[in-house]
Amino acid sequence: MQWETVIGLEIHAQLATQSKIFSGSATTFGAEPNTQASLVDLGMPGVLPVLNAEAVRMACQFGLAIDAEIAPQNVFARKNYFYPDLPKGYQTSQMDHPIVGKGHLDITLEDGTTRRIGITRAHLEEDAGKSLHEDFHGMSGIDLNRAGTPLLEIVSEPDIRSAKEAVAYVKAMHSLVRYLGICDGNMAEGSLRCDCNVSVRPKGQTEFGTRAEIKNVNSFRFIEKAINHEVQRQIELLEDGGKVVQETRLYDPNKDETRSMRSKEEANDYRYFPCPDLLPVVIEKSFLDELRSALPELPPQKRERFEREYGLSAYDASVLSASREMADYFEQVNAACGDAKLAANWVMGELSSLLNKEGLEIERSPVSAEQLGGMILRIKDDTISGKIAKMVFEAMAAGEGSADEIIEKKGLKQVTDSGAIEAMLDEVLAANSEQVEQYRASDEAKRGKMFGFFVGQAMRASKGKANPGQVNQLLKKKLEG
Amino acid sequence: MHQLTLAEIARGLTDKQFSAEELTRTLLARIAALDPQLNSFITVTEELALEQAKAADARRASGENGALLGAPIGHKDLFCTQRIRTSCGSKMLDNFPAPYDATVVEKLAAAGTVTLGKLNMDEFAMGSANESSYYGPVKNPWDLTRVPGGSSGGSAAAIAARLVPAATGTDTGGSIRQPAALTNLTGLKPTYGRVSRWGMVAYASSLDQGGPLARTAEDCALLLSAMAGFDPKDSTSVDQPLDDYLAALSQPLTGLRIGLPKEYFGEGLDPKIADAVMAVVEQLKQLGATVKDISLPNMQHAIPSYYVIAPAEASSNLSRFDGVRFGHRCESPVDLTDLYKRSRAEGFGDEVKRRIMVGTYALSAGYYDAYYLKAQRIRRLIKNDFVSAFEDVDIILGPTTPNLAWKLGEKNADPVSAYLEDIYTITANLAGIPGLSMPAGFIDGLPVGVQLLAPYFQEARLLNVAHQYQQVTDWHQRAPSGF
Amino acid sequence: MALERSEVEKIAHLARLDLNDADLPRTTETLNNILGLIDRMQAVDTSGIEPLAHPLETTQRLRRDEVTESNQRDAYQAIAPAVEDGLYLVPRVIE
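Residue numbers (our numbering), protein chains in the order written: chain A, 1 to 481; chain B, 482 to 964; chain C, 965 to 1059.
Just so you know, these hints were derived from the structure itself, not from any lab.
These numbers were taken from a predicted model, which means no experiment stands behind them.
No residue lacks a Cβ here, since even glycine has one placed at the ideal position from N, Cα and C.
Treat the hints with care, since some could be wrong.
Within a straight-line C-alpha distance of at most 20 Å, the following computed SDA-like cross-link-like pairs (lysine to any residue) qualify [stated by the list, open to error]:
hint: 1; chain 1: B; residue 1: Lys864; chain 2: C; residue 2: Glu1014
hint: 2; chain 1: B; residue 1: Lys714; chain 2: C; residue 2: Gln1024
hint: 3; chain 1: A; residue 1: Lys79; chain 2: B; residue 2: Lys892
hint: 4; chain 1: B; residue 1: Lys864; chain 2: C; residue 2: Thr1010
hint: 5; chain 1: B; residue 1: Lys497; chain 2: B; residue 2: Val525
hint: 6; chain 1: A; residue 1: Lys465; chain 2: A; residue 2: Gln438
hint: 7; chain 1: A; residue 1: Lys243; chain 2: A; residue 2: Lys285
hint: 8; chain 1: B; residue 1: Lys892; chain 2: C; residue 2: Asn997
hint: 9; chain 1: B; residue 1: Lys714; chain 2: C; residue 2: Thr1023
hint: 10; chain 1: C; residue 1: Lys974; chain 2: A; residue 2: Tyr81
hint: 11; chain 1: B; residue 1: Lys714; chain 2: B; residue 2: Pro580
hint: 12; chain 1: A; residue 1: Lys285; chain 2: C; residue 2: Thr1010
hint: 13; chain 1: B; residue 1: Lys864; chain 2: C; residue 2: Asn997
hint: 14; chain 1: A; residue 1: Lys130; chain 2: C; residue 2: Glu1014
hint: 15; chain 1: A; residue 1: Lys164; chain 2: A; residue 2: Asp106
Going by beta-carbon spacing under 10 Å, a handful of chain A positions derived as facing chain B [unchecked claim]:
hint: 16; residue: Pro49
hint: 17; residue: Pro84
hint: 18; residue: Pro87
hint: 19; residue: Ile142
hint: 20; residue: Val245
hint: 21; residue: Leu278
hint: 22; residue: Val282
hint: 23; residue: Ile283
hint: 24; residue: Phe287
hint: 25; residue: Asp289
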């Protein structure tokens, strides 16, 4: 039996506003419990919500970026249920009239192909607080700092067909919200949360199978593992003659398995109705026009422009445009040195390795774009070789100054005087006369292998400073005799 | 001194006939002596009152002369008063000193009023007799065996008994106007959005409005001027400038067009009340008004619509009472469900539980369309009726209640019979228009009220008509014997 | 539309209200009376009429995004039934 996987993702993005969606409390992460919980956030008797303009703006920016319909009015609704991290006993969310309607996000897969994933809707809602389950003599502790933080819930169509596509979608979403500056995308801190709806069906069947929801998977890696595990679980279940139960499951990364969430098993009747404390929100066309004109260049456009303007490959363009910061950095390097190819290689190569090793974001790179650009200029003008450049790069990373300063201080200038090089080569060949004899006596194939030995000797003798190109050229001439 | 209206008190204080502190002490003594018969106060705030009275006297001494400076009032216990118990008439909040002041409380305090205490009310504002309070029923000073009306029963009884000249109330289905009618007072429900709901514990958010109760329209105008106004903390608060309610009082009524809905005068109305209404009409005609018959065809559907919308919103508004962050919590909960179920069962009275259940049902899957949406469609029909009617008339006049004050305990067995008493008042809440009840006479010793309704934001008109009526009648000056 | 006892129990559970078994019959009866009143609505023709959620048909005002609240934890938790280390305590929540 051939099976097809069907996945829909619900992503909750915490909007990066200063204050909460319905109150003026701060939204900073990591504060002492309940020090950022105002009367409104605590659901005290008599309090009322007032809507944060920035949350509306950010949601609309998102809608425009995914080419979505944005209705002239949207309405907040109450989702009623009891849970200790939900102070009012209802969550203010949006039901029939979400702020953002149908849109789409294009994703690029590893093989370079793109797929368009439909987005059903995105709506605004308030976040709940947190339950801490460390024992307080058999009790749980509730922290309501997070209660009231604005969330944008983004619901995809069930268009995703594999765990890898799901990861590509989440990565693209992560990149987009950071590009727009509406969310910091920090999955570890919970700024970006992903719930996966997974089902399988026999290939060719049009009806969807019963789906299970995997809640709160908080890293790209876990998303892939959780989905793969769940797909496997469902297939085995169905092949054994069983039925998939529509339920909520949690992914356990330690055991690499999903399990049923007992407490959410009973179907909840949320009794949605329009929140009477809030009025319909009007979105004017002029507001949207203004927002649209102020949108930054988004990943797809940037990627396309990098390919076109800089002649980069689709892969390179997509890596460099993955984050706004990386794209800006690359373009600054390119502006400094005028060589997109070299800039791309260095940014994606040495710089990225360095950042990974040090666990740094590109915004905190010890080597600035100007520094890197300056160094590449020296490669281009033959002042240093590519190999020496690596040393210069490491020195810059250690805070030793600009490329020119380092080259000067350490005397790393490439030797390009052919006379000097020839003299050095003559010495090398004289010191290795036996190998020279052997070389001259060998055929093409053997010569190729032995050539490297002489190059090595030459580089040692010149302490790496001889221009490799010239060394190759002159050495060949001398060896040919 | 206890017979003085707010307006008279203002003159008395200005003329230095007495001080705010003296007046406050006199009333506090009266409350101590007489309230046990009525049970209109839940909390007497002696310390705060004296503090505020002294402050008001100091302000007056320094030259300030605001009409409410030193005016003694009571607050319905639905308004949050910082550090003072705000019980909403419920065991659920018996141990709840509010952590903040309602906007209404803040504004009145800024104007210099003196808070004598928090007034008794039907639990969470649900009721028309003030019999559902955790703190016991309130008695009608006109007949201690009868109800004062509700839910602002404590406010009404305290004013009628001259324990306090005026008070705040709230009106969701008639809870200011109906008790005013049953106790010979003037009570105003402003236009929805005119008075801030910040700090006014929510019953039915799209119907609730805070307003004044007093013995005269003039006093209501004084209070409303300080209570009303835009509040950025309340999204449903309307940003519209206030009228000069006091200046508008003296407008002559020549040319006033009064509408009498024919649907008002059906079977359920006590014929003597109908007579009293017609007498008011005659009086107003003498003052220059004209009358015509109008129709409010959807009025009969108002009660079912109200008794879906209000409980539905209430069922959601009251979910926050769960024993976690404030209020009543049951002893030794075994698990979360037990915490919720027992805390709420112990904290809420029967009427509140009933309405929460009705509301929960009306919103539940499968019933939402047939109940909630249906009720809201009817709501639009009722609003449309008023908009239509007001194209031809300036005010709509009729009885406030179909019956006089009933005996304590009479309607306890059948809550629905109490619901039917709201027939004249709830349409104003559904449509959001302002309404006022004023004294219009007595039947067998019990007060009768007549209701005036006006288009949106025309509170000034209502107060004007009532004030002019009160210049040529004296029902409103009568006091119950023994008080 | 009369309710059975079992439905009343379901509603009470949704609303997290403990219902006394002894009270259940009377509660059911009273609720059914109220529902009888409400059911009168079904006789009204409301075809083509839009629901009215807010009496005044105004729209939502937006608030500027700025922090206006400060830490008031001590004051707010002074009235809480069960608090420890700044957290509100509830019976253990199992996920």
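Checked against the structure, which of the hints given earlier come out wrong? 3, 5, 6, 7, 12, 13, 14, 20, 22, 23, 24, 25
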